[in-house]
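> Now for the letters of each chain:
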Amino acid sequence: MAGSNEVNLNECKMVVPLNTWVLISSFKLAYNLLRRPDGTFNRHLAEFLDRKVPANLNPVDGVFSFDVLIDRATGLLCRIYRPATAEEPEPNIVELEKPVVGDVVPVIIFFHGGSFAHSSANSAIYDTLCRRLVGICKAVVVSVNYRRAPENRYPCAYDDGWTAFKWVNSRSWLQSRKDSKVHIYLAGDSSGGNIAHHVAARAVESGIDVLGNILLNPMFGGQERTESEKRLDGKYFVTLRDRDWYWRAFLPEGENRDHPACNPFGPNGRSLEGIKFPKSLVVVAGLDLIQDWQLAYVEGLRKAGKEVKLLYMEQATIGFYLLPNNNHFHTVMDEISEFVSSDC
Amino acid sequence: MVLYDSATLGGSCSGSSSSSSSSKPPPLQQRQQTQQDIDGFLAGAGYRVRSSELRKVAQRLERLETAMVNSPADLSQLASDTIHYNPSDLASWVDSLLSELTQPPTCPSEFIMDPVSNQTVVSDAWTTAEPHMPQVHQNISYEQQSLNNQLTVVPAMEEDSGIRLVHMLMTCAECVQRGDFSLATSCLEDMQGLLTRVNTVCGIGKVAGHFIDALSRRIFQGIGGGSVNGGSAYENELLYHHFYEACPYLKFAHFTANQAILEAFDGHDCVHVVDFNLMHGLQWPALIQALALRPGGPPLLRLTGIGPPSPDGRDSLREIGLRLAELARSVNVRFAFRGVAASRLEDVKPWMLQVNPKESVAVNSIMQLHRLLGSDPNRNSPIETVLSWIRSLNPKIMTVVEQEANHNQPGFLDRFTEALHYYSTMFDSLEACTVQPNKALAEIYIQREIANVVSCEGSARVERHEPLSKWRTRLSGAGFRPLHLGSNAYKQASMLLTLFSAEGYSVEENDGCLTLGWHSRPLIAASAWQAVSDGTADFPA
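Protein chains in written order, with UniProt numbering: chain H, 1 to 344; chain C, 1 to 541.
Keep in mind the hints are simulated off the structure, nothing from the lab. Just so it is clear, CB atoms sit at the ideal spot from N, CA and C, and this is done for glycine as well. A few of these clues could be false.
What the hints assert, rightly or not - In silico DSS-like pairs for lysine-lysine, Cα to Cα no more than 27 Å straight-line:
| hint | chain 1 | residue 1 | chain 2 | residue 2 |
| --- | --- | --- | --- | --- |
| 1 | C | Lys-56 | H | Lys-235 |
| 2 | C | Lys-251 | C | Lys-439 |
| 3 | C | Lys-56 | H | Lys-28 |
| 4 | H | Lys-28 | C | Lys-251 |
| 5 | H | Lys-166 | H | Lys-13 |
| 6 | C | Lys-491 | H | Lys-13 |
Stated by the list, open to error - Over the 12 Å line for every Cβ pair with chain C, so calculated as not near, a few chain H residues:
| hint | residue |
| --- | --- |
| 7 | Leu-77 |
| 8 | Ala-86 |
| 9 | Glu-97 |
| 10 | Arg-153 |
| 11 | Glu-205 |
| 12 | Leu-211 |
| 13 | Arg-231 |
| 14 | Asn-256 |
| 15 | Pro-267 |
| 16 | Ile-275 |
| 17 | Gly-286 |
As the list claims (entries may be wrong) - Covered by chain H, per the in silico footprint, the following chain C stretches (three or more residues, Cβ under 8 Å):
| hint | segment |
| --- | --- |
| 18 | 40-48 |
| 19 | 59-71 |
| 20 | 82-91 |
| 21 | 481-495 |
| 22 | 515-522 |
Pulled out of the complex, with its shape left as it was, chain C reads as follows (with noise of 0.2 Å):
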């Protein structure tokens, strides 16, 4: 039995006001009050729109449908040309598909006529359409409503031994939460001999493996990381590469983030893109090239890659510029790498980037942010130090794409329950997907984060994912203001997987995000984020 999970809540909306007119978030308790006004009903349909503004949004539904039946143009063209985004807004959806229709200036004449008194007709109409029944506001807090688990069940040949080592892996998981060591080390020895009658190669019997290894490191090594993290960087760099290959979580990433920084920077001649991770600048080819395409001619791009300093002498972040720049140099576009060594995001300081004044920045940021969160109670918390230089950078935008998972609960036994069903969906996930040498190598790389989330602890744990809408609370509190992924954003990810990936794979839209899982569970989630221009952000307390 191969389960799955997830942590998140689709359709769920975000605290932060999504497309409105308003520059920085509303202070907490202005957005508590907005909360509280939303309408119940539509809520469970996963639409936000204020009861206050119902009657508003009904009107302007009319004038869309009026629009719709009068426009001249083939409707599905229009639908397929305009970008549509965070359709559970339903106000700015409808307004912004009223703009593009009542746009052109062949507006039909019997649109335009009259409005004031197609208006008061409107009125009317639904004073006496009130309903009778009274209206019950469900008070819908979407910031309390605690993570939920979401679970797959895939019926598989060894169900019963599946079960059971799923059964005794929670046990062990539980015994090491009490303490009771002595009791975790003999469930580890049951499960060893379990493991033994269970098929190993794929299913329960594969992903279980991984986690009696982690247990056994956690109760027989410690929590000090060790081996887990003691990878170099080449091992690591090779891993990742491998990791990118075999499933379609990195290339969605890295698609996504590129079709976002790319409107970001339309208009704009000089930009400068800072990457968090370069590792083998993998994601930066598409990008240079859909600059070099575009109308009106590319930008002088400059690269900034982070990454960890090479031990040998050797400066791999430059011979990744180097290739880069060949690249841009085929394809005339100008172009200016840098490398930034750091071990740790957090020791890297603004200055190191250099960024001009007047340039256009976009921050890229794949599946880093997580490793901030570990606290140290002697310092400044590593995240808010870091979201907060990002926010003196001013940059268009902050591409952020993070495991969707909650990894980085304090309870060990229900991080390891977590963890348990993300890993066996993204284990099943890699079944499906073709056949290569390297899958193997892309196990040992998802092997090594299920090692860091179940056996490290303190400053060794930095594999410490949280879901979209923690990380919502969390950069809206720093000054951000999300930048929605529309429609056309999904459309080509769901293309390209259909090229370029197993059945199984599915994009979905959450409330201005896009996230990519397996099935029905959401494994990755992409977003984007611009700093909020005035005033002083909200520090969370």
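Only chain H is shown next, with the shape it has when bound in the complex (with noise of 0.2 Å):
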């Protein structure tokens, strides 16, 4: 139909059910609101337009949250979900921090997406998709509330998820009776994928270990254009545009998209031979438009050596895990809830 640069609403309608159609196309409105040409964002129209839940200790479907400040420093949250249990149906304040009880309790430390500017721990659609991960792989969910950008750029998103990294690695409450060990999956989508994968290599480096990497449509890029790139730009919701800026306000200032940061294994990336690299759970979704980038992540893993099972998801969007409502949705929950599982 029409050239990449005009908008072309048709297309993306075909694709998703309504009301998908409906909760994605008001993010992309609203963010369009919030980016500034001169690459400041409108945080408080931002704060108040993200629809937020508070924690909840009365158990919802089996799960239960709370919130923690882990630094109060740099007033970092996390929002902690668990699984309620049978002899604990309705947990007191004074059991949040209540041992786990299993052999083996995955750890689920979640980042969520946002492309490093929007969303909080607390909005409405990840603490929903947090509290699904507790019932599909029985896990702790631990989600992150890192800074982001363009006020706290390039490292902070990672420092912040590295202190949660530690702080739950550090949780004796949290130790999974086989080996008194934290037993740590990393997840996240969109940019929380991108961190994802940057502190499984801290920890990695670090000497402890992360029993896998679960990245949901994770954000990566480079400098250089893609025919994916080209070929979807402003499709299906997202623009190369918006993807611009969204790099140029994570990325120190000064750097381009072949910063590690963004691209890890281009041309300034570093090889993960020889790293203790978890296995990763790679979901793309065939009508975004990084896709190559995301490929290509999952090309560098593969030569690497390491062990990365990709999902591609041929007619899915970005978003599409937000709103259970489609058979892609289902398809990757039950991987996910297999790759944790699997180590039981």
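With the hints as a guide, dock the two chains, each given alone in a separate frame, to form the complex.
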């Protein structure tokens, strides 16, 4: 139909359910209002518009949550999601940090998406997603409220991820009975997927095991324009212009998209050969314009001899995992469950 | 271990229709049907859209996108200038943006041309995009959702002792609820002992001490209030003033209410503010100054301040009035003040306020309405009486600020638990503020609230805080509809906080209302209301 620069509304309507289209479109339009051409961000309006939910000590569908301030200096909050047990269907306040029960209890450290600039751990869409993860993985989920761009550029988000990782790893109440260690998985969507990768790299460098990485539509990029970027620009909710804006907002000033944060296997990247990098589950949406970078990431892992499973969802757009109203959603959730439980 | 708690449902939706054009709340049954029609998936994401309206909202979104693309203006500037309201009501939000973008006469021709054929194209595309999976409509009844507890745990130095202390407080409260006072007493003794080993200057030790005191009072002095409520008006005003200075809660309340009142009074020349609790009149200088600077000039402002009678023959209300009149004179605002002395709000009769039918009235209630919730089976419920006469004044706006907590539950243990969390959070936030000589007095102010919630019952218990969701139901049922606080108020509140307070405070938007809290826990909620003009109200059964 129209050229890639024009607004092309028709194609994305055909491939997603109506309510998904409404949700993602309203995000898209709201986000367009928040990004300023000079690289600054309308944070007040962003926080005003974001739909948030409080933590909830009363279990809902078998999951309860509470917030923890893990670093007073930076105000780093995490939201912890735990399954309610049969013995303690309604936890009282002294039992929040009761030891997890089980030989092997996976702990998933989750980094929400938002292209490094949007959303929070207590955003409704991510609260919902984390609750689901608890159920399908029988895991404790720790959602990290990392500092966002452009106010906090690289490496703040990674530093916060690392702080949260160390905190989780040092909680005795999160240890699995089998080996008195915390069984950690890292997960994230969009920018969160990117953060998961970098935190995993730092973890293994420090000699701490990570059992697996789960990257949902992870945000990677590079200086070059790939075929998928050119072909899909503007077609399915996302434009190259906005991708560029978010990288400019996150990366250190003056850096380009071949910075290793953005392009870990690019010209400035570092090889993972010989490093005990965890197995990865990488989900790529076939209608995501940055898929070439995501596929290059998978290739990079493979070349370095790392275990990686690619889930390429052909007709999926960004955000398909936010509403459980499509087949891709259920496929991916099953795979995640399998990925995490295979260590038990 | 310091514990925080919240009883709010952030992002939850009220039963009343928010910015629709209907002028009165729909009857209860209709409202329930409407709720069942809401798209369950979007509700989970914090948006309230009727399934039957999804298609229409989608079309409007498309038009909005086209308008945005074709807009000659810098979008981000437009976004800053526009006031956004209640994002949960997606349809209204989209419509308001659409009208912002399509109003100027420089509307690009591509947009105006062929609206009919555009719509035909759109609807064709939507028919074929119908999902093949059946949509599951989740029945979500927001009014039925029970209040939830939220907790933030802050690791402190004495974790184990802190946890033990909390455990013991809960046990003691449970004994009290059961009527086992001998066990409760021995609990108290144990806790006093533990307190000596815990840091009582900050953290859990500090707030636990106040709760232990309150429990002692209840057990040994009974539930009649006595020394808790015995403070003089002068003392109360002093403590209030220090609480105002030490932390941002009251400043936020005043600021947000003033902003809403200012907007409501736009275009009106005779305005009358009724303040349910004048205290030192701290709220009003800012409004007087804002009115002075109003384009088109200030209105005639009347202020009626309600407060307790002064015991010693001084007319303290009048003194405050005189000072405010001085200020008004200095900025050329025509001003008149009237004091109404009453020990209880329910003793005030509307004729005492002398409202002139030609005036625009604003009723301002900062943490007063909850005091009317005490029930006496022999009398009409005071809250209903007061809300009824407020409504009869037909105010342009009623600003309501209340503690965002569920401290009016009938069960003692539940109330105690809620209060422990709420006040732990509040004390923690106070610690973050700059150390001032008056911080200690601010703490006594809060301590008095704790004592009232925990150790009093019946008419002595006046601190009957209820959360926003309950106030929404109550006020809608009494014939009020919400006036939404917008993104401009939100932004200014956020900015003020950054300027004057410590890191860690957060303003949140909640379905047209604003809350101020510490980290992720809202502690105080501000909302604005207007009397529904026609028909009778639905009084709660």
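> None of the hints should be skipped; say for each whether it holds.
Status of each hint after checking the structure:
Restraint check for Lys-56(C) and Lys-235(H): the C-alpha separation of about 22 Å stays at or below 27 Å, so the hint holds. Among the hinted pairs, Lys-251(C) with Lys-439(C) is consistent with the structure: their alpha-carbon atoms are about 15 Å apart, no more than 27 Å. At most 27 Å may separate the alpha-carbon atoms for a hinted pair to count; Lys-56(C) and Lys-28(H) meet this at roughly 18 Å. Restraint check: the Cα-Cα separation between Lys-28(H) and Lys-251(C) comes to about 35 Å, which exceeds 27 Å; the hinted pair is violated.
A hinted pair counts as satisfied when its Cα atoms are at most 27 Å apart, and Lys-166(H) with Lys-13(H) does not qualify at roughly 43 Å. This hinted pair does not check out: Lys-491(C) and Lys-13(H) have alpha carbons roughly 34 Å apart, beyond 27 Å. A beta-carbon of chain C comes within 12 Å of the beta-carbon of Leu-77(H); the shortest separation is about 6 Å. The beta carbon of Ala-86(H) is kept farther than 12 Å from every beta carbon of chain C, the shortest such distance being approximately 20 Å.
For Glu-97(H), the condition that its CB be more than 12 Å from all CB atoms of chain C is violated, with the nearest at approximately 7 Å. With 12 Å as the threshold on Cβ separation, the claim that Arg-153(H) sits away from chain C holds: the shortest Cβ distance comes to roughly 19 Å. With a closest Cβ-Cβ approach of about 26 Å to chain C, Glu-205(H) is found to remain outside the 12 Å limit, as its non-interface label requires. Distance check on Leu-211(H): its Cβ is at least 25 Å (rounded) from any Cβ of chain C, clearing the 12 Å threshold; non-interface status holds.
Listed as outside the interface, Arg-231(H) is consistent with that label: its C-beta sits roughly 20 Å from the nearest C-beta of chain C, beyond the 12 Å cut-off. Distance to chain C confirms Asn-256(H) as a non-interface residue, since its nearest Cβ pair spans about 24 Å, more than 12 Å. At roughly 33 Å, the least C-beta separation between Pro-267(H) and chain C is larger than 12 Å, which holds for a residue marked as non-interface. The claim that Ile-275(H) is not at the interface with chain C holds, since no C-beta of that chain comes within 12 Å of its own (minimum 32 Å).
Interface exclusion of Gly-286(H) from chain C stands, the closest Cβ pair being 17 Å apart, more than 12 Å. Coverage of the segment 40-48 of chain C by chain H holds. Counting CB-CB distances below 8 Å, 6 residues qualify, and the rule asks for three or more. By the rule of at least three residues with a Cβ nearer than 8 Å to a Cβ of chain H, the coverage given for the segment 59-71 of chain C holds, with 7 such residues. Proximity of the segment 82-91 of chain C to chain H, defined as three or more residues with a beta carbon under 8 Å from a beta carbon of that chain, is established by the 4 residues found.
Against chain H, the segment 481-495 of chain C contributes 5 residues with a C-beta closer than 8 Å to a partner C-beta. That satisfies the three-residue criterion, and the hint holds. Counting residues of the segment 515-522 of chain C whose CB falls under 8 Å from any CB of chain H gives 4; the rule of at least 3 is met.
Consistency with the previously given hints fails for numbers 4, 5, 6, 7, 9, ordered from lowest to highest.
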